[in-house]
Structure formats: C-alpha cells, structure tokens
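*Asks:* Residue numbers (the working numbering), protein chains in the order written: chain A, 2 to 269; chain B, 12 to 258.
FYI, nobody ran anything at the bench for these hints, they're computed from the structure.
Ideal placement from N, C-alpha and C gives every residue a C-beta, glycine not left out.
There could be a bad hint or two in this list.
[Stated by the list, open to error] Which residues of chain A face chain B? A few of them, derived with a C-beta cut under 7 Å, are:
1. Leu22
2. Leu23
3. Ala25
4. Gln36
5. Thr38
6. Ser104
7. Leu105
8. Lys108
9. Tyr255
10. Lys259
11. Pro263
12. Ala266
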Amino acid sequence: MDKMIKSKRSIYNNIIRSKDLLFALAMRDVKARYQLTILGLYWAIINPLVMALIMGFVFENVFRASGIEGIPYIVFLFTALTFWNLFSNSVGSASTSLTGQASLLSKQYFPRIIIPTATVLARLVDLCFSMIPVALLLYIYKVNININAWMLLLILIIHIIFTLGFSYLVSALNVLYRDVSQVTGLLLMLWMYLSPIFYSISQVPEEFRIYFKYNAIGQIVDMERNLLLTGQAPSGSDILSAMIISLGVFIFGYIVFKKIEPLIAEVL
Amino acid sequence: MLLDVVNVSKKFILHECRGDRFSNLITSIIQAKKFKKDRQFWALKDVNITLEQGKSLGIIGKNGSGKSTLLKIINGTMLPTTGFININGTKSALIELGAGFNPDFPGRDNVFLSGMIMGMSKKEINQRFDEIIDFAEIKEFIDIPVKYYSSGMQARLGFSVAIAVKPDMLIVDEVLAVGDANFKEKCKNKIAKLQKEGVSILFVSHDVSEVSNICQEAVWLEKGEIMQYGPTDEVVRAYKEFINQSA
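Please construct the entire structure, taking both the sequences and the accompanying hints into account.
*Replies:* Encoded structure:
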C-alpha cells in the first residue's frame with residue numbers, strides 16, 4: 002500500500018519535473034538566440050519584417066504577383082510567412098536539437114522527447130513575437146480582423162501537432178544520420194515554394210489543385226491566413242483532413258522517436 | 012535492496028563509420044554482394060550486482076573493462092541488451108562535472124537548468140538554492156556567465172547541484188581527479204558525510220586506494236566480466252596481484 006502511494010506520487014512528481022524542464026529548456030532556447038545581441042528580442046521582429054519587405058517588393062512590383070482581392074500583397078505574404086515559419090523554423094532547429102546537446106543527455110535519463118518539444122515551444126514563443134509586426138501591418142494597411150478569427154486557435158493547435166510530429170521524426174533520424182539535417186533544410190525550401198504562401202490556393206490551376214489537398218501544412222497556413230485577413234472560415238472537410246493527416250504525422254513521428262531513443266546514448 | 016543489477020549484458024555494434032550501413036546496403040544491391048556483417052563487441056557479459064541501502068560499492072578495472080558502460084546503464088542513460096536493473100530510490104551522478112553548463116548563461120540559470128535535468132523540480136531548486144551556492148562558494152559570482160568561471164568553480168557548482176538532489180545513491184565517476192587539492196578534500200569530506208547519513212556511493216576509479224577508503228564492497232571487471240566481487244580488501248588485493256603479474 003505504502004509503495005503504491007509512493008509510486009503514484011513519483012509519477013506526479015515526474016510530470017511536474019518534466020514540465021519544469023520543458024519550459025526551462027524552451028526559455029533557454031529563446032534567450033540563447035538573443036543573449037549576446039544588442040537588439041535582443043527585437044530581432045524576432047526585425048528579421049521577418051525585412052524579409053517580407055524585400056520579398057513583398059520583388060514579388061509585387063517585379064513579378065506582379067497578387068494575393069487575395071483587396072488585401073495588399075505584403076500583408077498577404079507576410080501573414081502566411083509568419084505562420085509557415087512556425088513549422089519551418091521548428092523543424093529546422095529540431096533537426097539538430099538532440100545532436101547539439103550531447104553533454105546534457107549524458108548526465109541523467111529524462112524523457113528525451115522533451116528536447117525537440119522544447120524547441121517547438123521556443124518557436125511558438127517566436128511566433129507570438131512576430132505577431133507584433135503582423136498586427137502593425139494590419140493596422141497600417143487598415144485590414145480589419147473578422148469575428149471568425151477566433152477559429153485561428155483551433156487551426157493553430159492542428160498546426161502545432163503537425164509540427165511536433167515532423168520535429169520528432171527529423172530530430173531522431175538526425176541522430177542516426179547527420180545527413181538528415183542537411184536534407185531537411187533543402188526539403189523545407191522546396192516545401193515552402195510548393196505551399197500556398199506566395200500565392201493562394203485559388204490561384205493554382207485547377208489540374209494541380211488536387212495535389213495541394215495532400216499538403217496538410219500548406220492547407221493549414223492557407224486557412225490561417227484566410228481566417229485572419231478575410232474571416233473566410235475553412236470548410237469542415239478541410240479541417241478534418243488536416244487534422245487526420247496531422248495526427249498521423251504526430252503518431253508516426255512519435256513512434257520513430259521512441260524506436261530510436263534507446264540508441265541515442267550509444268550513437269552520440 | 013537499493014540496487015539490483017540482474018544478468019546485465021551489453022552488446023555494441025561497431026560501424027567503421029556512420030555511413031557504413033547505408034553505403035553497404037547500396038553497394039550490396041548494386042554489386043549483388045553479400046551484406047557486410049557488422050562487427051559485434053560485448054562490453055558487459057552477464058553482470059549481477061546487489062547493493063543494500065547505506066553500503067557503498069567500488070568498481071575497478073582497467074581501461075575498456077566495461078566500467079563506464081556499467082555506470083551508464085545504472086545511471087539510466089543507456090539500456091542493457093539483455094537483463095535489467097532495479098533501483099529503489101533516487102540517484103544522482105557526478106559525471107563530467109560542469110559539462111552541460113551553457114557558458115553564455117549566468118550561474119543562476121545553469122543551476123536551475125542542470126538541477127531540473129538531474130531530476131529536481133523548480134520548487135525544490137528554489138528551496139535548496141542557497142545551500143547549492145554556499146557549498147560551491149560562488150555566491151558573489153552567481154549572476155556572471157559561466158564562461159568567466161574557472162574550471163574549478165564550474166566543477167564545484169556541478170558537484171553542488173548533483174548532491175542537492177539528496178539522492179539515495181550517488182554515482183561518482185573519477186570526478187575527484189579534477190579540481191584543486193582544497194576542493195578534492197571538501198568533496199571527500201562531503202561524500203563521507205553523505206555516507207554517514209545513509210547515502211550509498213557507487214564509485215568508479217582507477218585509484219584503488221580511494222576505493223578502499225570509500226567502499227565496503229568492490230567489483231573487479233575484466234573484459235566485461237566480473238572477475239571478483241566481494242569485500243573491498245580482498246578484491247583490491249587480487250586486482251593488485253593481477254596487475255603486477257601482467258606488468
């Protein structure tokens with residue numbers, strides 16, 4: 002009896018500790034990026050803003066790109082890019098998260114999955130900061146936020162589930178083969194151009210549109226942008242298919258991670 | 012029993028290099044050759060150890076005898092190939108003191124992060140914070156980035172955090188070899204004090220006299236197998252004879 006109480010308490014304690022460690026690692030990640038810089042956290046705002054200004058100029062004035070009717074192209078682009086970056090930067094930094102922290106891993110056993118999870122959490126904090134320039138642009142270009150924008154939270158949860166699954170996958174695989182992080186960088190760039198970020202799905206020729214249905218993260222970013230800028234609610238079937246694919250990716254990534262986890266100490 | 016190591020064996024698969032497996036696969040497909048078999052290596056063979064709460068165990072043996080592998084398995088960072096271990100209590104490890112500190116962050120942040128990695132909650136670290144920096148003697152430097160610490164200061168802080176866990180079993184891997192004489196003395200005294208309070212020490216060292224000082228029991232490992240296991244004096248005597256003979 003005594004022992005049962007003890008083990009119940011220790012499970013509870015373990016969860017508390019894991020939670021504390023998760024947040025501490027995420028905070029350290031966020032802080033470490035800006036620790037030795039003068040402008041500090043402002044870089045989280047300046048970087049994407051400069052990127053968007055340049056891309057916005059080139060695509061709008063040189064390539065004559067257009068987004069949604071009535072929305073300035075730079076707002077259209079920057080919004081999607083901000084949401085895309087949550088996925089892209091998470092996966093990018095998760096790919097080297099385990100291999101970069103070998104000395105932490107040798108100390109003590111703790112659930113290794115905390116490490117890529119913390120990276121994603123840190124990028125989520127980045128997203129919060131980069132919502133500031135998004136809000137700024139919306140204000141400058143007088144884009145009104147529709148009442149439907151609350152649904153963004155639901156889509157964002159699906160977005161995070163997809164991102165976590167993919168991050169688990171690449172972080173674990175990179176332990177076995179360091180080529181994975183190189184491939185990931187290339188893949189993410191291709192993926193970005195094949196996702197509705199510089200254009201909207203409605204601009205894609207009819208015959209290709211079917212392929213965009215399978216690109217769950219592209220769909221998710223498109224839904225998020227539409228919700229924020231026009232308030233156009235996604236269809237139930239779109240949400241459902243994004244949710245099913247995301248859960249599938251999450252479960253697959255988790256299983257692969259758990260399979261590779263025991264090898265980490267031997268390989269690193 | 013505090014610690015049970017039951018029939019533990021550990022097999023390593025040696026790749027010539029990381030890409031080997033993959034390129035082997037490719038070339039074997041192209042040239043229709045047989046898949047080159049990986050070399051195997053047993054680092055531990057059928058190791059059995061039991062340790063009572065309050066008793067201390069030394070692990071001795073030459074380089075490559077499997078000491079570190081056994082330690083990693085007991086510490087939980089590595090899984091055995093066969094067999095299992097059972098620990099009834101908390102453990103903490105003095106391994107590579109100060110490694111894992113982030114040099115750009117102040118001591119305070121590093122205490123919290125490494126404390127959490129060692130298994131404490133934020134609340135527990137807050138409660139024990141003064142104790143930690145008192146023992147490490149770095150009170151006035153706690154808000155300075157760790158990169159400006161001397162290696163001795165880093166080791167002291169690492170030691171301090173590890174014992175703040177208040178473990179039932181403390182795993183010590185050669186760490187007493189680092190740091191200045193004062194610090195070594197302080198660590199030894201602290202370890203002796205912890206032993207009196209009922210903490211078990213699992214001690215790995217080349218230094219046989221240290222093991223005799225600290226441990227009641229000892230295990231002598233040779234090529235992954237237990238050569239002798241029993242009271243420290245006997246095991247140490249046999250080990251010394253063996254070394255002298257082979258020298």
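*Asks:* Are there hints from earlier that the structure breaks, and if so, what are their numbers?
*Replies:* 2, 5, 9, 10
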